[in-house]
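All chains, please: the whole structure from these sequences, using the hints.
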Amino acid sequence: MPPPLTPRRHPTRHYRHQHCRVRARPPIHTCTANAPLTLRPLGSGLIWKKTSAWALPKPRKRGIETKVWRVEQFKVAPWPEQEYGIFYDGDSYIVLHTWKKPDAPTLYHDIYFWLGLHTTQDEAGTAAYKSVELDDWTLPVQHREVQGSESPAFLALFRIFRVDKGGITSGFRHVAPDTYRPRLMHIRQNKSAPRAAGLVIREVPLSHTSLNSGDVFVYDAGTAIYQWNGANSSGIEKNKTAEFVRSLADSRGGKAPVKVYDEGDADAKPFWDGIGGQGPVAAADSVNDASAAAPAKSLWRLSDASGQLQFTREAQGVINRTLFDSSDVYVLDVGSEVFVWVGKKASADERKKAMMYALEYMKSHDRSMTSPVTRIVQGGADDVMASYLDH
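For the sequence shown, counting from 1, position 228 maps to 228 in UniProt numbering; every step adds exactly one.
In case anyone wonders, no lab produced these hints; they're calculated from the structure. These numbers come from a predicted model, not from an experiment. Fair warning: there could be bad hints in the mix.
Below, in silico cross-link-like pairs of lysine-lysine (DSS-like), each with a Cα-Cα straight-line distance of 25 Å or less [as the list claims (entries may be wrong)]:
hint	residue 1	residue 2
1	K165	K259
2	K297	K255
3	K75	K101
4	K75	K259
5	K191	K101
6	K67	K101
7	K255	K165
8	K165	K75
Okay, structure coming up:
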């Protein structure tokens, strides 16, 4: 692993050497209104390290399309199209979605970097840095997605969204049924998918404590596959899960028989034995109470106009567009999510470190690190952020 890179620490100056003008990098300095903010590189200094591993084609003129890459040993590799929607919890991925509004020819681009719960700091840093590089040729809206807290917009990109255990460092690959690792999958309807006909599939611990009566679960033993339908699971979940299970069985040449049980069936012993024994099942998942008061909105400014990076609170409570200066970067905390707004005249250093400052802000202010974070370049689509402004 290469050693961490450290930014040069000296004031911003311009030097003339023959016909070249070079702008020196300002030092890292932090300043907050209420709390200290300590910065560190996101993954072995990768926030400053450029590589030649990025080979992303520009979006095609035809309009809507989705492309996926996985971070592999500090590089970004195309993910096989037949595996789109399948993610591993030990990896980081970049997803580019190109789309257009029905009544306009303009192409818009959303970039999602998805982080598995067990991804490495280096992989997370590579995904974040490579996403920033895309500013060079488009005005994308960037989204940080963390396993287990994916946004509806991200889930809507895949008919079936599935997270398995493993990753590039574990050398995962499909294996024969007789050597397959037993796993329990929690399956529920993906209401964000077109016509709400998709599935969200997550691997969970092999235990009755992982079950609930509102969803469907699949115990995959490799040589046999068992579907367990919670008493309150929907017909769509049951039917779509059955399709998914059949595809698993077909991928093994039909050598893995399928058995379906409903909650309460007396003959479900093979299923219970496989997950460690029968036990109490939790009630159907309830919708989280969203009525709790959200913290007051706050706006923070990242600027190196003074010759060093400073991060200060700009406003709290009432926030409107007049507070945003195109020469700087801003972090807007609306409680449920965080937005990073990059002015079109922001310096290269401000652009590169914008997301890192936002994440450190969340950490120092006790925000959930799995909360959605969206990075918007001035001039790009900002409809969602605009809905939180007081105009």
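Against the structure, the hints come out as follows:
1. Restraint check: the Cα-Cα separation between K165 and K259 comes to about 23 Å, which is no more than 25 Å; the hinted pair holds.
2. Restraint check: the Cα-Cα separation between K297 and K255 comes to about 56 Å, which exceeds 25 Å; the hinted pair is violated.
3. About 33 Å separates the Cα atoms of K75 and K101, which puts this hinted pair outside 25 Å; it is violated.
4. As the CA atoms of K75 and K259 are separated by approximately 42 Å, the hinted pair breaks the 25 Å bound.
5. For the hint pairing K191 with K101, the CA-to-CA distance comes to about 22 Å; that is within 25 Å, so the pair holds.
6. With a CA separation close to 19 Å, the supplied pair K67 and K101 stays within the 25 Å bound.
7. In summary, the hint linking K255 to K165 is supported, as the alpha carbons are separated by about 23 Å, within the 25 Å threshold.
8. With a C-alpha separation of about 21 Å, the suggested pair K165 and K75 falls inside the 25 Å cut-off, and the hint holds.
Violation of the numbered hints given earlier is confined to hints 2, 3, 4; the remaining hints are satisfied by the structure.
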